[in-house]
Every structure is written in structure tokens, then in C-alpha cells.
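**Q** If you read the protein sequences in the order shown, they are chains A and B.
No gaps in the numbering here: position 10 of the first sequence is 10 in the numbering used here, and each next residue is one more.
No gaps in the numbering here: position 22 of the second sequence is 1022 in the numbering used here, and each next residue is one more.
Treat the hints as calculated values from the structure; they're not laboratory data.
Beta carbons are placed, not taken as given, at the ideal position from N, Cα and C, and that holds for glycine.
Check the hints yourself; a few may be wrong.
[Claimed, not checked] Ranges of calculated distance between the beta carbons of each label pair, as one might list FRET restraints:
(1) A/Met1 x B/Ser1127: 33 to 39 angstroms
(2) A/Ala25 x B/Glu1142: 34 to 40 angstroms
(3) B/Thr1109 x A/Lys57: 22 to 28 angstroms
The lines below spell out each chain.
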Amino acid sequence: MDNKTQLEIIFREVFSAPDLHIHEAMTASEVNQWDSISHLIMISKVEEVFGIKFKLKDLIKLKNVGDLLLLIEEKRKG
Amino acid sequence: MKMGTMQIRKAEAKDIPFLIQAIIEADKSNTNRSSYCSLLCISEEEFRWGLSQIFEEELEFCEFGLDAFAVIEVDGVIAAACAGWVEEGAGLPSWQLRMMAIQSVFSSTQIQSFIQNAKIFHSISLSRTKGSLQIESVFISEKFRGLGFLFHLIEFHINFAKEKGIPFQFVELLTYQNNLMAEKAYQKIGFIPVTHSNCDHPLVLSFYPSSGMTQWQKKLQHGQ
């Protein structure tokens, strides 16, 4: 399973949106359930599922889902 | 009180301990309850440490970054501080930046506590308006209160945002409803209450200074 598909599964579960399709330009404003608490849950889940740990300097650069996917890829490469 | 030489300026790294104090005191809102400490199930000392780690990064557009703060110095002593930023000025809402900062420094157990507790008291939160100038973490040392520092700090943020060419519609801030002194002070300088939140969970006062928050706005006058 590629990173995008795996991330989409996490998003659907965390944001309680079974039909959600993620795309590179997607931001929190497009997803109803994406608030401060679900954001924490989503990032925790991403770290757990992909076996990575984000640093603040990585996270503050994230502007959208595309940036998150790039960061996941970068972190998985080590 | 006889005033010495007063200077208002952007905060510098040497001011960080005072800024951390400002964040904690504003969060406690004249009580002994910090919502961050309660939600994360940590001591004030642990929260102070976490903030010191967060301040090492160059976080902008939220109160957890040096860049957002202005301070007032009187005769070389820091007397007051407050954060100001244009909401979503860099594209991300400040809540997202704040959560990312918290997530990056505290343990997964502490984050899980935060998630569980914040879910219970979710109705206390109010949303900040995109494109408004946010004022947050206002703290004035006790002996410098009543000298108009609040007005000067907010004016400084208004002028700074204008000089940087960041457009904003109005100034906005949040207070806990227990803080009548702050409410009076904001009303005096032209803020009006626009919305309120309320959480009726029986344990809310074990976690927060108050069971509700008020959102205040001030429209800029012509020529301001």
C-alpha cells in the first residue's frame, strides 16, 4: 500500500469521514471534523502507523496534505 | 507610581523566561489552574520546560513563538508582554501551530491525556477569525498595572502588522469569563464582546480557570 492510500485510511478514520478522498492541496479548512483535537490524533496516528517521529521544525513547514506526504516519505527514508 | 524610561519593542531571546511566564499567567487567568498543565497532566515546571523547547524553534503566527511577542521595558526591566499576530497570516490557523508545538515536545502519554481531557471540555473553545489581528497572552507585572500598558502593547501590534503590510480587518482576543478585571480593561479601550462559550461539565473548573470564554473584537477607527 502506498503512503497516500495509507494516509487516506488514517484521515477517514480520524475525521469520521468514510468517503473522504485526500489530495495534495487539502487543508484543515476543507474537512469538517479537522480541529485541534483531531489534529493531535491524526499526527499521533501517522507517527504510529508509519513508524516515524516528527520534530517541530518539520511540522511547522506543513501547509497541506501534499507537504505531509512529502515529509512522511522523507522520514521513512531516514 | 513614578515612571522611568519606557521602551516598547519586539521581544528578543533574552526575554523568553518572561514570555513563558506571560503565557502561563494568562492561561491561569488569576487562578491557580493552568488549562495546559491540567489537560496534559503535568506540573507547571514541566510545562515551562516544554515552552522553553518550543521557543527554540522559529514559530510564527501564534503565541508560542518569539516573533509574536512585544514587550515593555521600564528602566531596563521587563514590565509587560503580549503576543499579536494576524490569524492564518502564513496560511495555517494558530490552533494548528499550537497543537503541533505541543505534540513535538510532550510525550505520547501526555498527548493522549491532552486528547482525552480536551474532548470532554471541547465546548469551551472559540474559533479565532481568519485575517484578524489576534492579541493573546497579555501579562503586566503587578507593580506596572494601571499605567495604560495594555493599550500601548495593542497599538504596537497594530502598527507593526501595518508596517509589515499584513492586512487585517479588526483586532480580536479571548478572555476567560472569571477575569472581570481584564474584561473592564478591554472594554475601556474599545473592545466589545461578540460571542461566548460555556461548558457545563461538572469538572470544568478542575481544568480551566472558568467554565466559559468571551471573544472580544475592536474595529479600527478611521485613520488608525
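**Q** All hints, please: hold or fail.
**A** Hints, one by one, checked against the model:
no. : hint                                    : verdict
1   : A/Met1 x B/Ser1127: 33 to 39 angstroms  : holds, 35 angstroms
2   : A/Ala25 x B/Glu1142: 34 to 40 angstroms : violated, 49 angstroms
3   : B/Thr1109 x A/Lys57: 22 to 28 angstroms : holds, 23 angstroms
Of the numbered hints stated above, the single one contradicted by the structure is hint 2.
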